[in-house]
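Asker: Here the protein sequences come in this chain order: P and D.
For the first sequence, position 17 (counting from the first letter as 1) is numbered 17 according to the numbering used here, and the numbering increases by one without interruption.
For the second sequence, position 42 (counting from the first letter as 1) is numbered 42 according to the numbering used here, and the numbering increases by one without interruption.
Read the hints as simulated data drawn from the structure, not as lab findings.
Mixed in with the good hints there might be a few duds.
Unchecked claim - Only part of the chain D face toward chain P is listed, based on derived beta-carbon distances under 10 Å:
1) Arg162
2) Leu201
3) Arg214
Idealized CB from N, CA, C, for every residue including glycine.
The chain contents come next:
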Amino acid sequence: MGDATPILEARGLSKRFGAIPASRAVTLDLRAGEIHALIGPNGAGKSTLIKLIAGDLTPDEGSVYLGGLDVTALGTAARAREGLGRTFQISSLIPEASVLQNATLGALGRLGQPYRFFSRALRDRALRRTAEAALATVGLEELHQTRSAELSHGQRRQLEIGVALTLAPKVFLMDEPMAGLSAEGARQLTGILSDLRRTAPILLVEHDMDVVFALADRISVLVAGEIIATGPPDAIRADPAVRSAYLGEATP
Amino acid sequence: MSLNRETTASLIVMAALLSTVLWAEATGEPFTITLATRAAIFALAGIGLNLALGMGGMVSLGHAVFFGIGGYAMGILASHAQTFTPLTTWPILIEGTNAMPVIWLVAVISSALAALAIGALTLRTSGVYFIMITLAFGQMFYYFMTGWPAYGGEDGLSIYVRNGFPGLNTLDPIQFFAICFAFLACALWLYIRVDASPFGLTLSAARQNEARLRAVGIDPFRIRLVAFTLSGAVTGLAGALFADLNRFVSPAMFSWQTSGEIVIFVILGGVGRPIGPVVGAGLYVLLEHTLGDVSDYWQIVLGAILLAIVLFARGGLTGLVLGRPLPHG
Ligand SMILES: Nc1ncnc2c1ncn2[C@@H]1O[C@H](COP(=O)(O)OP(=O)(O)O)[C@@H](O)[C@H]1O
Ligand SMILES: [Mg+2]
Numbered sequence: 001m002g003d004a005t006p007i008l009e010a011r012g013l014s015k016r017f018g019a020i021p022a023s024r025a026v027t028l029d030l031r032a033g034e035i036h037a038l039i040g041p042n043g044a045g046k047s048t049l050i051k052l053i054a055g056d057l058t059p060d061e062g063s064v065y066l067g068g069l070d071v072t073a074l075g076t077a078a079r080a081r082e083g084l085g086r087t088f089q090i091s092s093l094i095p096e097a098s099v100l101q102n103a104t105l106g107a108l109g110r111l112g113q114p115y116r117f118f119s120r121a122l123r124d125r126a127l128r129r130t131a132e133a134a135l136a137t138v139g140l141e142e143l144h145q146t147r148s149a150e151l152s153h154g155q156r157r158q159l160e161i162g163v164a165l166t167l168a169p170k171v172f173l174m175d176e177p178m179a180g181l182s183a184e185g186a187r188q189l190t191g192i193l194s195d196l197r198r199t200a201p202i203l204l205v206e207h208d209m210d211v212v213f214a215l216a217d218r219i220s221v222l223v224a225g226e227i228i229a230t231g232p233p234d235a236i237r238a239d240p241a242v243r244s245a246y247l248g249e250a251t252p
Numbered sequence: 001m002s003l004n005r006e007t008t009a010s011l012i013v014m015a016a017l018l019s020t021v022l023w024a025e026a027t028g029e030p031f032t033i034t035l036a037t038r039a040a041i042f043a044l045a046g047i048g049l050n051l052a053l054g055m056g057g058m059v060s061l062g063h064a065v066f067f068g069i070g071g072y073a074m075g076i077l078a079s080h081a082q083t084f085t086p087l088t089t090w091p092i093l094i095e096g097t098n099a100m101p102v103i104w105l106v107a108v109i110s111s112a113l114a115a116l117a118i119g120a121l122t123l124r125t126s127g128v129y130f131i132m133i134t135l136a137f138g139q140m141f142y143y144f145m146t147g148w149p150a151y152g153g154e155d156g157l158s159i160y161v162r163n164g165f166p167g168l169n170t171l172d173p174i175q176f177f178a179i180c181f182a183f184l185a186c187a188l189w190l191y192i193r194v195d196a197s198p199f200g201l202t203l204s205a206a207r208q209n210e211a212r213l214r215a216v217g218i219d220p221f222r223i224r225l226v227a228f229t230l231s232g233a234v235t236g237l238a239g240a241l242f243a244d245l246n247r248f249v250s251p252a253m254f255s256w257q258t259s260g261e262i263v264i265f266v267i268l269g270g271v272g273r274p275i276g277p278v279v280g281a282g283l284y285v286l287l288e289h290t291l292g293d294v295s296d297y298w299q300i301v302l303g304a305i306l307l308a309i310v311l312f313a314r315g316g317l318t319g320l321v322l323g324r325p326l327p328h329g
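Modelling step: build the complete structure from the supplied sequences, incorporating the hints.
Answerer: Okay, structure coming up:
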């Protein structure tokens with residue numbers, strides 16, 4: 001699935017927190033049209049890797065390439081402008097703002113227009129079109145006026161993805177988007193993500209193995225900061241190192 | 001255009017202020033007009049602070065810096081005009097002036113520049129550090145002005161004539177009030193527009209969730225810096241008007257008490273509510289006048305009201321009447 005040109009590449013990313021090596025020379029890539037799932041036990045370093053790629057953390061070694069461009073020296077905001085659309089493990093929205101305002105903020109970032117003082121954010125055609133389209137894709141079109149603090153947990157996860165969509169990113173980085181969702185919510189979001197890979201490839205951190213094997217085109221397994229295997233789902237399932245290190249515990 | 005609650009409330013409060021003054025004019029009560037002018041100027045300073053504090057979450061305890069710079073812009077220019085001595089002769093000749101428009105322009109530009117510089121140095125900090133650093137800047141300016149003898153040192157500067165505005169008799173209380181009221185109305189309009197604008201949305205996002213703002217590609221620091229600069233400029237303009245109202249400036253304009261009073265206007269009236277500072281400043285001047293005559297300890301009453309509001313009515317008086325702000329701008 002997809003062609004072989006990597007849109008996002010992590011090359012030899014290492015990060016230590018004191019004595020803990022949270023990332024050890026991690027190399028992985030993300031190609032057009034794919035969902036690349038990143039799995040691993042708690043504390044393996046999945047969130048750390050997402051933060052290294054997103055720019056929240058600076059690596060001790062290694063670099064990040066986005067669309068062939070070395071973005072290692074850029075901060076989080078600059079990387080977002082370069083096309084990283086990211087969702088957080090713990091929903092991170094503007095609580096007092098409405099759903100539509102949250103999406104409009106994404107559109108503002110995308111269009112690079114925050115320094116407009118007199119026009120109305122919600123009346124601007126271009127902003128509105130971008131925001132509404134993204135909200136429709138994630139199924140929140142009925143909830144435009146709801147304060148995001150009043151959304152259910154699942155709706156907040158949908159909005160996170162909706163805001164990332166307004167950025168028209170080159171890639172999506174999603175840290176456990178299904179965390180805490182009901183079975184029904186997870187099923188719905190699985191459908192959304194499955195379609196979304198055609199918009200932009202997704203680096204997906206996910207705990208739920210059913211979701212991972214249903215969605216992923218490729219899987220990388222992270223254990224103690226190190227990638228021990230990368231490949232298509234069938235190969236990962238069969239990999240003895242993965243079975244003993246990880247899947248063995250998760251699926252008895 | 002349909003009016004939302006905040007705008008409607010703003011119009012009502014502004015109409016009440018204007019009616020009070022018209023009534024005072026009709027019944028020959030110039031002192032009431034002076035009080036209303038004082039309230040309007042304080043309200044203007046408060047709206048300036050509200051841009052930073054309410055919209056942007058920047059708890060500045062140093063806004064006296066901008067109020068004072070605006071005041072001294074007036075004091076310095078007017079004192080040179082009244083002694084017919086130039087400010088500088090080299091490299092270019094700069095003369096003093098009695099023209100309000102020039103004074104306002106100088107006040108706005110210099111307080112904006114000060115806010116830009118102070119913001120650039122302080123806005124990387126947050127919480128209690130930001131409060132302390134802005135407070136420290138206020139004290140720096142206060143002691144600097146106290147120790148600078150050229151402009152009166154701690155005695156301040158008296159200006160014997162009120163500065164002029166083409167076509168108006170600025171010594172007539174109601175005409176000077178009209179100027180202040182017009183600026184207040186403009187600032188209120190500006191606040192309401194900015195609140196609903198892309199910048200306002202971005203600034204309130206910077207207040208609520210920086211990580212989210214970065215994730216959509218916007219640097220919160222620059223957004224805050226622009227807001228802080230705008231905030232300082234508005235408060236600086238208020239300082240220039242205040243100096244003209246009193247025809248006197250002194251280092252007290254830079255004092256931490258002044259910074260505290262501006263914060264109080266905003267908290268009393270409602271943090272982040274457009275009309276909040278107007279309500280707060282109005283109440284403050286009313287209490288100061290009615291209770292201040294009765295006892296020197298009137299600020300105890302002010303303190304009790306402030307405490308009650310912080311404990312029981314986080315939205316200030318505006319919040320008590322209007323409830324929580326609506327999310328759609
Ligand atoms: N900011 C931090 N400071 C110190 N240690 C951290 C920090 N962030 C993560 N760690 C440690 O790094 C390791 C990897 O954490 P994390 O990336 O959150 O794992 P995962 O997302 O796979 O559960 C853990 O041992 C965690 O305790
Ligand atoms: Mg994690």
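Asker: So which hints don't hold here, by number, going up?
Answerer: 1
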